Amino acid sequence: MTWCARAFRSRCGYELKRCVAHLTGHVRPIADGTLYPAIKRLEKAGWLSRQTEPGSRAAPRHVLTLTDEGRDELRRRLREARGVEISDENHWSTVLAFLRQLDDPDQQTAVLRRRLDFLREPSSFFYEGERPLGAEELGDPFRQGILQIARATSQAEVRWLNATLKALARQDPC
1 MTWCARAFRS RCGYELKRCV AHLTGHVRPI ADGTLYPAIK RLEKAGWLSR QTEPGSRAAP
61 RHVLTLTDEG RDELRRRLRE ARGVEISDEN HWSTVLAFLR QLDDPDQQTA VLRRRLDFLR
121 EPSSFFYEGE RPLGAEELGD PFRQGILQIA RATSQAEVRW LNATLKALAR QDPC
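The working numbering puts the first residue of the sequence shown at 1, with every later residue one more than the last.
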């Protein structure tokens, strides 16, 4: 979601790369070969505009700004986040970091409920046939560690989601 890093202010490509890397780079570094083609696609769609400004040194800076159409598209993508945007930790972190861009608590709630539903589904990193295995069923302490860490993380997120959903429900004017 290169979109999200654009939501708040204009930035040059290097600043955008750094911003996106802060959200996802701890797991997946952002390569120029990934970011700059994405920027070009967003420009071509009319969702980003580019202005050239003098640089602090000799080279000019290309500053990118989200257009009104781009902001609408960002909000649509946040509102309709599904699939990998809900299930993948990096995608989800990006959606969550910018969910405030949706002004409507009902829209925010719908996205959070999709994540909560995903977290409530039985899953594991290890399976016996189609059945997910729990940490207690594994003899390998390192695999047990993977599952125990994932379980603790999921439990903490479910608690946060439930608390946040309650807070959003209190904001509902109806």
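No lab work stands behind these hints, which were simulated from the structure alone. Hints are supplied without guarantee of correctness; some may be wrong.
Once the Cα atoms are required to be at most 20 Å apart in a straight line, the calculated SDA-like pairs of lysine to any residue come out as [said to hold, decoys possible]:
#1 K166 to E73
#2 K40 to E80
#3 K40 to E69
#4 K166 to Q108
#5 K166 to Y127
#6 K166 to G55
#7 K166 to V63
#8 K40 to V63
#9 K166 to Q148
#10 K40 to V84
#11 K166 to A156
#12 K166 to L112
#13 K166 to I149
#14 K40 to E89
#15 K40 to D68
#16 K166 to L116
Please read these numbers as outputs of a predicted model, since none were measured by experiment.
Outcome of the hint check:
The straight-line distance between the Cα atoms of K166 and E73 is roughly 28 Å, outside the 20 Å bound, and the hint therefore fails. Restraint check for K40 and E80: not satisfied, since their Cα atoms lie roughly 23 Å apart, outside the 20 Å limit. A threshold of 20 Å between alpha carbons decides the hint, and for K40 with E69 the separation of about 15 Å falls inside it, so the pair holds. A hinted pair counts as satisfied when its Cα atoms are at most 20 Å apart, and K166 with Q108 qualifies at roughly 12 Å.
In summary, the hint linking K166 to Y127 is not supported, as the alpha carbons are separated by about 34 Å, beyond the 20 Å threshold. At most 20 Å may separate the alpha-carbon atoms for a hinted pair to count; K166 and G55 exceed this at roughly 47 Å. For the proposed pair K166 and V63, the alpha carbon gap of about 40 Å is over 20 Å, so the pair is violated. Pair hint K40 plus V63 holds up; C-alpha atoms about 13 Å apart against a cutoff of 20 Å.
For the hint linking K166 to Q148, the alpha-carbon distance of about 27 Å lies beyond 20 Å, and the restraint is violated. Straight-line distance between C-alpha atoms of K40 and V84 comes to about 23 Å, which puts the hinted pair past the 20 Å bound. For the suggested pair K166 and A156, the alpha carbons sit about 16 Å apart, so the restraint of at most 20 Å is met. For the given pair, K166 sits about 11 Å from L112 by alpha-carbon distance, which is consistent with the 20 Å threshold.
A C-alpha spacing of about 26 Å is found between K166 and I149, which places the hinted pair above 20 Å, so the restraint is violated. Note on K40 and E89: the hinted pairing is violated, with a Cα-Cα distance of about 26 Å set against a maximum of 20 Å. For a cut-off of 20 Å, the pair hint linking K40 to D68 stands: about 17 Å separates their Cα positions. Taking the CA atoms of K166 and L116, the gap is near 13 Å; set against the 20 Å cutoff, the hint holds.
When the structure is compared with the earlier hints, violations turn up for hints 1, 2, 5, 6, 7, 9, 10, 13 and 14 and for no others.
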